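A.B. asks: What follows is each chain in one-letter form.
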Amino acid sequence: AQSVTQLGSHVSVSEGALVLLRCNYSSSVPPYLFWYVQYPNQGLQLLLKYTTGATLVKGINGFEAEFKKSETSFHLTKPSAHMSDAAEYFCAVSADSGAGSYQLTFGKGTKLSVIP
Amino acid sequence: DAGITQSPRYKITETGRQVTLMCHQTWSHSYMFWYRQDLGHGLRLIYYSAAADITDKGEVPDGYVVSRSKTENFPLTLESATRSQTSVYFCASRAGTSNTGELFFGEGSRLTVL
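First to last, the sequence lines map onto chains V and X.
According to my numbering, the stretch in the first sequence is residues -19 to 96, in order.
According to my numbering, the stretch in the second sequence is residues 3 to 116, in order.
None of these hints come from the bench; they were simulated from the model.
Within a straight-line C-alpha distance of at most 16 Å, the following computed EDC-like cross-link-like pairs (lysine to aspartate or glutamate) qualify: (1) V:29 - V:46; (2) V:91 - V:68; (3) V:88 - X:40; (4) V:91 - V:65; (5) X:13 - X:109; (6) X:13 - X:81; (7) V:88 - V:68; (8) V:29 - V:44; (9) X:72 - X:55; (10) V:29 - X:104; (11) V:91 - X:40; (12) V:88 - X:61.
Quick list of simulated restraints, FRET-style, between CB atoms: (13) V:32 - X:19: 44 to 50 Å; (14) X:79 - V:36: 39 to 45 Å; (15) X:97 - V:21: 22 to 28 Å; (16) X:85 - V:32: 41 to 47 Å; (17) X:112 - V:-10: 19 to 25 Å; (18) X:85 - V:50: 43 to 49 Å; (19) X:22 - V:20: 21 to 27 Å; (20) X:43 - V:22: 17 to 23 Å.
On a predicted model such as this, the values are computed, not experimentally measured, just so you know.
The beta-carbon is built from N, C-alpha and C at its ideal position, and this holds for glycine as well.
Isolated chain V (complex conformation) (with noise of 0.2 Å):
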């Protein structure tokens, strides 16, 4: 079984300020973490991804994210907040059940607002 936990439902930064959004993974193999956004009225598009390989992984949009198993995270940042940044977040985790399988499953994901 596998689970998403995001810290926050709703956060808020100053523009410029630093962009963290937390998420804690927990799975029973290794897994495959996801980072989606949905802007407004739109469905989710991938942001960046972590499969194997170097733990940091950048996305589009200047975001990245930090593989990190001792602390079974993979936290979302951005160094500078732009007002374009406001959406909702979703962390998602896969683990590789099989070929074929469905299991990716979402966290309730987190709001960020963008304050001018």
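Here the structure of chain V is known, so what remains is to put chain X in place on it, guided by the hints.
C.D. replies: Using the frame of chain V, we list chain X on its own:
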């Protein structure tokens, strides 16, 4: 245009009525998924399909029916809608069988059951 489209985008119906939400993708992706999004729950998987004529239940399948006679279409039917099925429904697709693959989402169908 290439992509994944859902229809209708907005739907209001009454308790007990049958509703079908349509999903169409132009990439010929093998996998298709239906999720519902509710406040406080994030996204929960309703059904998924690995290929035409192959479907399986997700986390919250009760009250829903799916079919996939063609690779590009994956309709979701609420046979007798209930108020608890008021939600935003997202269809998604993924190429290939790897769990590392990106999911591509439609823009969602907002359903209100009165």
